[in-house]
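Trainee: Here is what each chain is made of, one letter per residue.
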Amino acid sequence: MFVINCPYCGERDQSEFSCGGEAHIVRPKQPTELSDDEWAEYLFMRKNIKGVQFERWNHAHGCRKWFNMVRDTSNDKIHAVYKMGEKPPVI
Amino acid sequence: MTKYRINKTRFVDQTKTVSFTFDGKKYHGFEGDTLASALLSNGIHLVGRSFKYHRPRGIMSCGSEEPNAICQINDNTDLTEPNARATEIELYEGLKASSQNCWPSLNFDIGGINNLIATFIPAGFYYKTFMWPKSFWKKIYEPLIRLSAGLGKSPTQPDPDIYDHKHEHCDVLVIGGGISGIISAKIAAKNNLKTILIEDKNILGGSTIYQNNKNFIIDNQKSNEWLMNEISELEKLDNLIIKTRTSLAAFHSYNYLLAKENISDHLPLDKKNGSIRQRLWKIRADKVIVAAGAIERPLIFNNNDRPGIILANSVKKYLDFYGVSTGLNNIIFTNNDSAYETAVSLFEKGISVKIVDIRKKSSSNIVKNADDLGIKIYWNSTVVNTFGYKKIKSIEIMNLSEDGSNVTGNKHKIQCDCLSISGGWTPMVHMHTQSGGKLDFREIDQVFVPTEKSENHINVGSCNGDFELEEIVKNTNNKVKKFLNINEGGFDKISVFCSKESEKKNIWLLPNTISESKTKSFIDFQNDSTAKDIKLALREGFKSIEHVKRYTTTGMATDQGKLSNMHALGIIADTAGVKMGSLGTTTFRPPFTPLTFGAIVGRSVGKFFDIVRKTSIHEWHVQNNAKFENVGQWKRPWYYPINNENLHEAVQRESKAARDSAGILDASTLGKIDIQGSDASEFLNRVYTNAWLKLGIGKCRYGLMLNEDGMVYDDGVTTRLGENHYLMTTTTGGAANVLSKLEDYLQTEWPELDVYLTSVTDHYSTASICGPNSKKILKKLFPNKDFSDEAFPHMSYQDAIIDKIECRIMRISFTGELSYEINVESKYGKSLWENCIAAGEEYKITPYGTETMHLLRAEKGFIIVGQDTDGTMTPIDLQMDWIVSKKKYDFIGKRSLYRSDTMREDRKQLVGLLTDDPNEILEEGAQIVSELDKKPVEMIGHVTSSYFSPNLNKSIALAVVKGGKKMNGQKLFVPMENKNINVTVSDFIFLDKENKRINA
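Heads up: the protein sequence lines correspond to chains A and B, in order. Start counting the first sequence at 1; every next residue gets the next number (the working numbering). Start counting the second sequence at 1; every next residue gets the next number (the working numbering).
Chain B extracted, bound-state conformation (with noise of 0.2 Å):
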């Protein structure tokens, strides 16, 4: 047992040793300890370096609102963790800390030289040095602003943990395993009530847990043995899961809430393994009883952040829980009662206790109780100062004035190891102001409690802002009868004694003799801010609290202000002369402590990151060293590489052999939407902008979609595959987008409409044959069909039988070549393709990828939505006129193209582009400009596909260029980073102007 492991308690199992290191050397503490609580037993105070200055810091709190002992653990590059909080790490085995922020070391760290400059380096500091000379900022102040930034080291390998999901619906969530939680739930469960409770410790029972004394007595036993017994209660309710290790992240509308559960994080090394680390829980509850507890607020005066002063309420959970004594010769500083516990509790273990306090008396039992036992108080005093560089050595101690606004009289000097601080309690609202719930502020004891307005909410114990044993207990009784409405809430007749505080005082930034600009009081302690910081951003103008808390800093560190919130709010409201609670608080946002990326993202990782969509003729491409492409979800074959062709080379061929005898590409990933109804024609023609009621069974057309705002939004080819049936054709990318919203036009502007839409896309496999050779490939697959241009006709649609398989033949050409797509029930895609490959063998029939079909189509000009338009361009825009029909009355679009707007004639219009020398090919997205020395350069358009043919054994590009349709023969430029291509603005179809390859 080490000097300061001083008390036995049922917590600590102190018949078992755990060892671990912390900044390389090994230490031991028991198993139910935390990480603080070990370090503290072997006399570790100094844990880290604050974030600005460099300040030596140490462990502060015991809890979630730790700002100093964060920590990284483990070293390893996948598994390592940083800024983890000391104070919720529960000690296992094995287990590697470090401390952050510190180099070369913790006990001798460089950065603390920005400890003697502070005063040049105040809030805003950045803002305003940084500003010049301009040409300094990438290449020195950048790279210096970010060697500082941040805390720890994060990990440079992929997360090998496994997170988890999990829904959950109950009738009640209670948050939080204190007193009030434990009665909530009690009562909640008794009463046939599904109920979950959460709690972020391992064990139940908060701070009554531990409280321990004679002052503090429910229903004849102290609150601690009361609560006890309750809890051993409560574990055996059937209807009640009781999850420990778990805290709640978020508290969204309609009572959505997300919880962390640690799973395997204390579990020693060799334990891990295999196990879920985190589980996110994702709960629906019908009501939720918020009794999150109360954080102890610190003190501000000078110089308040040397290790070895800690929160009152923690030195006393670290005494009475973990059996932890901060120091051995301790002050208290306090403006309340609460830390007259911490006082007495000391006092009973033989530890020396004086006390200081800024009120001028206190009547109650406890105060009484120190009193009584001899404890030196030390009434209308204040702490001016403290020393000791890497841990507390003495304070002074003054007066305070009347009025508590300076101090007087003489300084007194105390000699100490450790200085307990309590400045009061906020409660912790931050779930209910998620939810939606409002504040009122509570000018006794300046707190922020909650405004319940809500049905489905309520807010119970500290967290409610009720302090005192008997409040507590009563309040939440009776609360929680009326939120579920129940008569009997089985704590109605409870007896509670406890030690009532009357007399309150507060004074957010305590007084001092020197100037303010002198003094160290620390506010964020995380961030460094202090008080004066929080006086210079109001002397430079900020009056929002939110602006005050941005250019300072306060509050934006990995504790998000836990701490130091109220206090900075308390300064700008007494500096500002206003009252506090008309500024209101900044925003309490999720998650209410850190949140893993894994728990966020569960089990959505690597292969379940997205769902893959393969083509039945997928593994033939596998087969036959396809390299893929991703479109929307589906894997396309990009391009087919013979002995090790690169991509250009590949696609070279490809084309040439599409153009020179046959290509086949898969097509099955088009969009493909079966539409019937007798009003399908009359559908059809609302939403194309072309005609459709004359199209004959059996024929097919090519349409274009419009948005409302007349912007092209897909295309496609739809075959009339019967009176009152259609198969529609869409982009890949578009045809989800497409099928909502043909249903929305459906079921909302046209309900009258009598037309049903089928998403077929998955159920039909395709594939595409095109070239010279083509027809002839067709013949040997249907040898019973005649394929003469009169039988068989361009955009026209047959059954046919190939193995017995049923299959559409459609005959519609995308690479302007003689083409037939032959569609077949998806099961029998690979069958199909197989037989095309083998028919096509003697013709050299060549497989094909989407760059190769992107090249073909380019050399025709046809456009590819979404490539060659980005919601900005109307078919006008792209010269696609001959679509639009003059006749119909209405189309969905129409209306937009006469548009003041969309009949400027400066708009980006669709154009082809040769480069001078033929062999230079354009970038895609590459701007293009008319005059070079302008300047500013005017962009006026930019390179949307580009190729270089085989066929035409030039560069082909297409572009969409300001005015674009009367500029054939101009020349202009692209100019690249180290030099202007010359271009000449061409026709956009560049090969068979006159379509005869399409009856070849």
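Pulled out of the complex, with its shape left as it was, chain A reads as follows (with noise of 0.2 Å):
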């Protein structure tokens, strides 16, 4: 059970967390533009990388705020937290 820097409360356990999966993929502004094969790509498709992958965290039962982590899913090793909207470190 990993140790999980909240931005926002410090270290906790992980069991006050759970995942939202991959990270910044963002809602297509204008969905209703996009072919089915591109809102497919949104809606469906994610990497699942063994390896450094960055991905959506929600302290729920803590502050409930979501925020962005860098894990290595091979070691889980946490590289970075950071909060939503902020720039990915590069790691």
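Certain hints may be false.
What the simulated footprint calls covered on chain A by chain B, stretch by stretch (three residues with Cβ under 8 Å from a Cβ of chain B suffice, anywhere in the stretch; the number is not a length) [stated by the list, open to error]: (1) 32-44; (2) 61-75.
With a Cα cut of at most 25 Å, we get these calculated SDA-like pairs of lysine to any residue [stated by the list, open to error]: (3) A/K50 <-> B/S454; (4) B/K894 <-> A/T32; (5) B/K453 <-> A/N75; (6) A/K65 <-> B/D754; (7) B/K888 <-> A/V26; (8) B/K886 <-> A/Y42; (9) A/K29 <-> B/F588; (10) A/K77 <-> B/T433; (11) A/K47 <-> B/N707; (12) A/K77 <-> B/D754; (13) B/K438 <-> A/D72; (14) A/K47 <-> B/S900.
What the hints contain is simulated information worked out from the structure, not anything from laboratory work. Just so you know, even glycine gets a beta-carbon here, dropped at the ideal spot from N, CA and C.
These two chains come separately, so use the hints to put the complex back together.
Mentor: So, in structure tokens, the structure goes:
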């Protein structure tokens, strides 16, 4: 079980958080302009990489804030956490 | 004192006798004994039958690796425990133990016939044999296999014991209380680090504590005496918690560890009462030092499983720790020096001992010591067979060929009553690998050792592959200093003198004169897999160690292959001609030793299993005989039977009353979200499918919420309380998820919106009154209020006061009747409800539960999200096109409604179903077909809701059917087990299609 450094609350047990999947997938501003394939790309396609992955996490049993986290899925090392809207760090 | 209790030690108190029973017979041991040592002191070796061949098996080790001596403890139906290791059970007065997997008795076991037909039941026997004929599977094979599966008996009653959980944080956690663990804990604690030391035995000291040999000297004392002093110093340290009887179960990432403490398992029955049985420690440690030790390996040769064949170091522990001799005429069979300590110890106690060593010589001090004592050593020899069915009687040995691949010369038979075996040592790397650590293979003594990479944990002592005393002490001191960043370890100037092993040799499968297929060389003792099973698996094409493991079941018993895994790997490597290091190991998963379910669950049993949510009106429902239904964590009244009514009768009465006069429902459980902010209208406009920008203040609107994939997610009525203030209701079960979803969009996609969300589900209680007389009841409750349709129309809300209590009245309806929902602060819920009941008395107001609510809404064709939808239904599928705005540019899920898949016309669509026999009620979930004769039968849909409507006097159902929109009037079939029910597709609004009742 990880220790996650919530950008608002500090270090807490993983059991307080929920993972929201891949980060930096922006909801298209003009969905109706998109083809089925383009919409499906947004809706369904996720990278699910083994290695360094950018993820969304929610401090569900805490401040309830969403934030982003950079985690290596192969060894669960957390490289960075940062608030929504902040630029992703270069890892 | 029995014949085999030949030694007095400080660890067993021979003045305190403890009586126990084994297989119904009474025996005596002493305080400090384990069940195993007490049995051995009574000369009992035979303690169980093996799993597959039912071969007699004896105690083989003295620790958690024990494969054979697994017993049933207690015989009562609630406390009995199967598969307990006799080597780990501390003896207590009144202990009842029995052997497993034998019938009618341990000494005469019918299953022993399997041993004679062993040739015909090799690895994979089950997979190959029970394939045909197919019809035999259910009636014959499966019951047969189930009969022979498993070892002990499970309890049949609930567990009366109490279990506990405890969270703990520390700077340093040391796993293992042997010499390296003690050194580590002392260094850490002396340097002001909060330290926890856990040890699975009841006393510290590991195997050094009974070493007592002149060849092992630390600071001019025998190693055991030196360690004894260290332990007494350790116990004085303030910032050190020592937890004995505590075994590590799991080592998770980020140094999160689980350890199980046995608190009362070792106490006599009369002293256990009321105390906690086991405690699961959940430890978050800054640094972890693993000092888990090593386990001695057996040797693999023909008939190596007889009672009386025991690991050499265990023989030593029984002798020097428990004072028990495992035999009076001992032979030691070894490939390394450590077994010579056992030999010297046996010799010193006056027990006859001979040594068979596969090596050609060894020049170490301990071997010289044994030689000087005149102990006979057969060099370059191997055991080729053993004799004695229920206890070993003799062995045959032969010389090894030059390269060790074969045997030469004549067989030589030697008598014995105990054979001590040692195949070297396996470091316990389980903890290291559980935490994500990798392993290296060390060729010289054929062991996997941890690759040190982590900054947060290290391995010290024999679990790190340091086997010699000097290495252990000095390396532990140096590694721990570096790991904890400490200058002075306290053991820097220590002097250690010990015997050192220079000649090493290992043969995984010892050679024999007879062919392999005729030998029984056991690798996994508990699961009865032999060397030939492994080779068979390889011949049949299995290559991966994980596959061989599963095919042969090697390492899959309750001991998880602690003794067998390395030999299986070694034999695979040798047979396949590859390097063992390249094979890797199987995955070591937690727990290291079996955990009880009780320890895992802790206090979360019975009423603490889950939270129970009750509305403020709950007590009234209880007093009025409500039957309850669980909806999420909520207890909701299901129906209110009168005079022994069953569910059907009560629901018929309740639903008729609601339509004919008045009904009242506790709707407090519906999710409620308070929405405020200058962009609240825009926000609702984006999350619901319909338009929200023009909803007037004081008005209510029904909304449908989709997922981004276009599927219906939730629904409910939202009321505009003010310019920038809304109250949203959600389904009871969906409340938490809807709030999370809305927060997600607000925080991540639309942070520019000025909107605040607050869950107020628990803040308000709701009484929903419906029926043609509801308006009259409301008038009585609120005499000053104008309830005319003009002043208070359908889908609007007004503030009101009742008994000086502020409330909100919403005129909304989920039944199709004229209906009002009154909301008050939760604490006034019961008083409001009682007022309503009193006011409605003259109209025979009838409380109704969820079942009637479901029926009433089904008559009107209103869906329930989660019952009529299942995450694959779009609003179009539900024929709810009317609620999907064509004008809005975007809302959550809109684009998905125009995907080629969601626009298919043959999707499952919501329809009504009427049974040809109006009294026939369909089963919810029943499949629907259009052609009965078609093979295979094509399922075109299923029933989602089904009731008998007392208001229509016929059975009605909602269903989803492929292309159902265009099937109105079409005949379909609902095939059931005994009959086919004829149905006709109908409109799904069965009652009052014109919505006249809403204003009745």
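Trainee: Taking the hints in turn, state whether each one holds.
Mentor: Right, here's what the structure says about each hint:
Only residues whose C-beta sits within less than 8 Å of a C-beta in chain B count toward coverage, and the region 32-44 of chain A has 6 of them, enough to reach three; the restraint holds. Using a Cβ-Cβ cut-off of 8 Å, 4 residues of the region 61-75 of chain A lie near chain B, which meets the minimum of three, so the contact claim holds. At roughly 20 Å between alpha-carbon atoms, A/K50 and B/S454 fall within 25 Å of each other, so this suggested pair holds. Annotation: proposed proximity of B/K894 to A/T32 holds, straight-line Cα distance about 8 Å (limit 25 Å).
Between the alpha carbons of B/K453 and A/N75 the distance comes to roughly 12 Å, so the proposed pair stays at or under 25 Å and holds. The suggested pairing of A/K65 with B/D754 holds, with an alpha-carbon distance near 16 Å, which does not exceed 25 Å. Between B/K888 and A/V26, the direct Cα distance comes to roughly 20 Å. Compliance with the 25 Å bound is thereby established for this hinted pair. For the suggested pair B/K886 and A/Y42, the alpha carbons sit about 22 Å apart, so the restraint of at most 25 Å is met.
Annotation: proposed proximity of A/K29 to B/F588 is violated, straight-line Cα distance about 49 Å (limit 25 Å). Restraint check for A/K77 and B/T433: satisfied, since their Cα atoms lie roughly 16 Å apart, inside the 25 Å limit. Distance check on the hinted pair: A/K47 and B/N707 sit about 21 Å apart at the alpha-carbon level, within 25 Å; holds. Distance restraint check for A/K77 and B/D754: the Cα-Cα separation of roughly 36 Å exceeds the 25 Å cut-off, and the hinted pair is therefore not satisfied.
For the given pair, B/K438 sits about 17 Å from A/D72 by alpha-carbon distance, which is consistent with the 25 Å threshold. Among the hinted pairs, A/K47 with B/S900 is consistent with the structure: their alpha-carbon atoms are about 24 Å apart, no more than 25 Å.
The earlier numbered hints that this structure contradicts are 9 and 12.
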